[in-house]
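Visitor: Here's the letter readout for the chains.
Number of protein chains: 2
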Amino acid sequence: MSNQADEVLVVFTPSGKRGRFPVGTPLLQAARYLNVDIDSVCGGRGICGRCQILVSEGEFAKFGITSTAASLEPITAPELKYAERRELKSGRRLSCHTKVLNDIVVDVPAESQVHHQTVRKGVEHHEISLNPLVHLYYVEVQEPDMHDPSGDLRRLLNALEQDWQLTNLDYEVALLPQLQALLRAGKWRVTVAVREGKQVVAVWPGFHERLYGVAVDVGSTTIAAHLCDLVSGEVKASSGLMNPQIRFGEDLMSRVSYVMMNPGGDGEMAKVVRESLNALIQKLVQQAECDITDILEITFVANPVMHHLLLGINPVELGGAPFALATDMAVNMPAKDLDIQLNPQARAYLLPCIAGHVGADTAGMVLAEEPFNHDAMTLLVDVGTNAEIVLGNRHRIVACSSPTGPAFEGAQISAGQRAAAGAIERIRINPETLEPRYRVIGSELWSDEEGFAEAVGSTGITGICGSGIIEVVAELYLAGVINQDGVIDGSLISVNPRIQADGRTFSYEILAATEQRSAIKIMQNDVRAIQLAKAALYAGIKLLMDYQAVKQVDRIRLAGAFGSHIDVKYAMVLGLIPDCKLEQVSAAGNAAGTGARIALLDEKSRPLIESVVRQIEKVETAVEPAFQDYFVNAMAFPNKVDAFPQLAQVVDLPPVKEAPVIAAGRDGRRARRKR
Amino acid sequence: MSNQADEVLVVFTPSGKRGRFPVGTPLLQAARYLNVDIDSVCGGRGICGRCQILVSEGEFAKFGITSTAASLEPITAPELKYAERRELKSGRRLSCHTKVLNDIVVDVPAESQVHHQTVRKGVEHHEISLNPLVHLYYVEVQEPDMHDPSGDLRRLLNALEQDWQLTNLDYEVALLPQLQALLRAGKWRVTVAVREGKQVVAVWPGFHERLYGVAVDVGSTTIAAHLCDLVSGEVKASSGLMNPQIRFGEDLMSRVSYVMMNPGGDGEMAKVVRESLNALIQKLVQQAECDITDILEITFVANPVMHHLLLGINPVELGGAPFALATDMAVNMPAKDLDIQLNPQARAYLLPCIAGHVGADTAGMVLAEEPFNHDAMTLLVDVGTNAEIVLGNRHRIVACSSPTGPAFEGAQISAGQRAAAGAIERIRINPETLEPRYRVIGSELWSDEEGFAEAVGSTGITGICGSGIIEVVAELYLAGVINQDGVIDGSLISVNPRIQADGRTFSYEILAATEQRSAIKIMQNDVRAIQLAKAALYAGIKLLMDYQAVKQVDRIRLAGAFGSHIDVKYAMVLGLIPDCKLEQVSAAGNAAGTGARIALLDEKSRPLIESVVRQIEKVETAVEPAFQDYFVNAMAFPNKVDAFPQLAQVVDLPPVKEAPVIAAGRDGRRARRKR
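Chains F and H, in that order, give the protein sequences. The first sequence begins at 1 in the working numbering and counts up by one. The second sequence begins at 1 in the working numbering and counts up by one.
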């Protein structure tokens, strides 16, 4: 534009985009011209308030603005009306109704940008780009005219094309029965939800600005969900429920067995999980005080069996070799076909499963952790009844699942329990006296600190949770109570009476029995269970390291509840995870759930994860002979096949016994790439 | 290809395509190379028998073939197996297994071509191009492999891509729950239905070759449907039912009123019509002995109110100005969303409505009659309670609906009845004696022929059907019993006692009363009802002729049951239709239903009719002042505003009275084009 006297300079921050415009140009129009990202649902009618900008005060010599004359026309009637109805903070204006008079710097706050970033909750603060699939558009529709007998639908589509340049729009046929009444209820003014710029999926009379989505992590044990505002990206409500399928079987394989033994069992299980989802959504909706019909998207992560059962697919093929998935692709379908009650036009998106044992939950973790964007060789581990393991970087990613069993979750451990108030979660054992001190969930005090008894009460201590078990076994090992082979040393009975004989083996008593409960002890079998679990995990990791042909990893991210609570030092002492600088080992929170939330908020993440998953190389531990070798060799503490040089710098590890050398012979495999 | 000694000439008829191929080339492969249209579902495995060709015997000098050596390898084992299982007529071979040895002429019979023509049933023999939306493909799917953990779905899609070059296929998510069991039941051999080359919609284990569709005409009174073979195009079964909505109101407006008075009435009416459709489909399936899950498509024509009620749309907006349709676009949706039980993945297609009074049935008539492909100015008329009128040619088409009322269907006529056995359908009145002779439905004899009484029995004559009423009024007019103003001439009482005084007006008695029934008479009010109906029809036609700026039409096609039974000469005598050469006036049969069948069999017809309908100019008779003028002036016999020169050449019309001249003033309107 030419630098004429009747033109003024407009600079938008933070983008820095600038241009000269005729005096009297509305700021929204100037922003559109410069491709500045400013939101608007009502199309410049002063209704939605989405296009708010902040007038930057003072002189801006760096932009060459020195005038102190009034830069903008005074506040307008529509803005005052909006401010009455809602709130217009000081310095804010509606850019659609603000005309420029003089050179000016205008700030576009994050919430006025269509594609702003939203902060993730959780241990680490990531950002998620906000590109929801569904957007709202307010339109005024031409009324019907006998001389031009077009249908109401066509006139609605014409309005969307004229006002919003949305061409060749498709529509949900199910909207037709309501359309005429809605248009008339809104006096020919309606707000329309359009999915992917392609399809009209909902219509509300008048102006409507609420639009939500739900991200769900369907775990074998719990179902967790977040209700998200698709406009701001905020989490409006979070909730969880037990997975009701537990009554058909505690773990995945027992549920698959149930289906094998009970024809129709897959249908029963699909039904109960879908009912739970509806109950969970009701909780979210009540919490957020929103209307269920404003929910237009739902995304899911789940392990393969949960994924198949949710879809109503018989999971029996996942119960035996070759563990064939019905589909390894993302599934995008009407939510109502899953019997999920949201807006009737809501769609469900299930992230892709990676392989028969590596599910959409792992895909969610990969999407959240983005190893494909890093140079560092990153190890992602999500420990549950199975451990999902992913190893890679921007060049190559490999993944497998390893059958760790439920020991890490406190199951099949004599004093084990879920992570809940009263469970021992931290423990230290004096290497001289072999006396323990510990902390329980719900109290910040150690057991030898003043007030501990009052804070907890001895009957309040109920067992040991998963992370507590890791610590107690590791501390016992570091104290010499357990040797490298995992045997509790009976000769220490004389040092401390907590070492007790239990038949032909020994145990370590943390708390003596009370009237309310049995003694809390670590039995020889408990140590064995931990050895089996950690050997399975470590063998899986080693296998992937072979595939990647690396001797060590650069970063370790531990996902899930277990990963969040565990002290990584003890995990490494026991050899759950390979040697790594301790500061490079961290918890990733519910990474799978975060993946579901990203897929909900950022449409670009869907093709991204679908493409990444296609490139992930899947390793089936069951058919890898090396897995068995690694497994056997990983039973000991610490792992015999590796040294832990970096760990040894921070922990005083017991001397390592001579380890038998295993034939490698894996080089051919290591180099193999699928196709 | 070079003309080498080890290459031979292959000529395909009827296409005439030819090429030279190495000795031993299978004929199907040669055909593919030359783009000769030969069908195959099994992909050259000798299973489906679709690729049959006929070996042309003898010398073919015109193709330069003079060799008489054996042209083909002897019949193969797979062909013998097929011939055992099915039938392989003499001279026929399966082109996939027939290798060429010498120069040869090969005929591809119509049924082996993918895109062959199918003959229409009915009065005129049109052809419909066969391009069904859904095709079948037989594939062998790779079994799952732990080392390559792709899902079953992906391997199915890979097979379709490899064997049939179907790339980027989408799929119906609802197939997922059955997919794994189907693949295993078929031992990894399945037949897949693909819609529009884009989406997998059905899977059957093993080889499957049955694929059907249903075309439905939902009338206010009756619902008629054809079950069609989507492979051959044949009609396998036809059936009809009364529209059960009749209990909510005999005609359209009384059904709209019912909805206005009874909230939820639209839902009730949608329910009963959908239930009827399911009953009708059951009848068709039993008649054709086919499996309902082999039906993958259903198409509908209907008037606007029936169209909206079928879709569950409240038709109340169609009951008053501005008569706004919910949509004027074609509707393509899952059939199950209409509660229609076919294959769960079947889709329903509703032809577009043209305007609030001109429905998808008229669109069907336009598709069947193709005025857009003719130079001749063609008038299409479908007479029911309303008359749908279309006038146009390849340059321009206009359409309207005119409120004729039910007189033409024999309703509101004293002796009127539906067209059924016992109804008078033909009548002649002697202009001298005024004595009638007539024929009744169910007998070929005239009433003055020997054996008539036995064939019918006097008690067997029950009334007059719609076409009979037209004839009797026209004959009375030609005999001078009725004058140009429609008045029954009482002075003729002396000529024949059939002319009788009925209060202040007169009537004409065809049959005296018996113990079983009243007299069959034409009352003055009956003549008035016919005058009103024919004036409405004629006024609508005149209005469209004004829009087209033509004084006469070149062709007239009369659709529907009324159009099929009426003697066009009498229709013209009464002035129902404008003057036209009689040989250019013909019945079109159930043109709307034919349109539904075309939309079912030929996917190309769908975008065609959608585009044509968009270009049809809709004329709303209710807001056209000229319509009232034409209506008043068309009350007389024959129509006062036009002469009938061509009719006068074949019928001895009574002298025309002086007609009042109507102000034209329509030229501005005539020239007006929408946009």
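Rather than coming from a laboratory, the hints here were simulated on the basis of the structure. There may be inaccurate statements among the hints.
[Claimed, not checked] With a straight-line Cα cutoff of 27 Å, these simulated DSSO-like cross-link-like pairs (lysine-lysine) come out:
| # | chain 1 | residue 1 | chain 2 | residue 2 |
| --- | --- | --- | --- | --- |
| 1 | H | K236 | F | K336 |
| 2 | H | K89 | F | K198 |
| 3 | F | K198 | H | K236 |
| 4 | H | K236 | F | K604 |
| 5 | H | K336 | F | K336 |
| 6 | H | K336 | F | K271 |
| 7 | F | K89 | F | K187 |
| 8 | F | K569 | F | K521 |
| 9 | F | K236 | F | K604 |
| 10 | F | K336 | F | K271 |
| 11 | H | K89 | H | K198 |
Visitor: Which earlier hints turn out false for this structure, listed by number in ascending order?
Guide: 1, 2, 3, 4, 7 and 11
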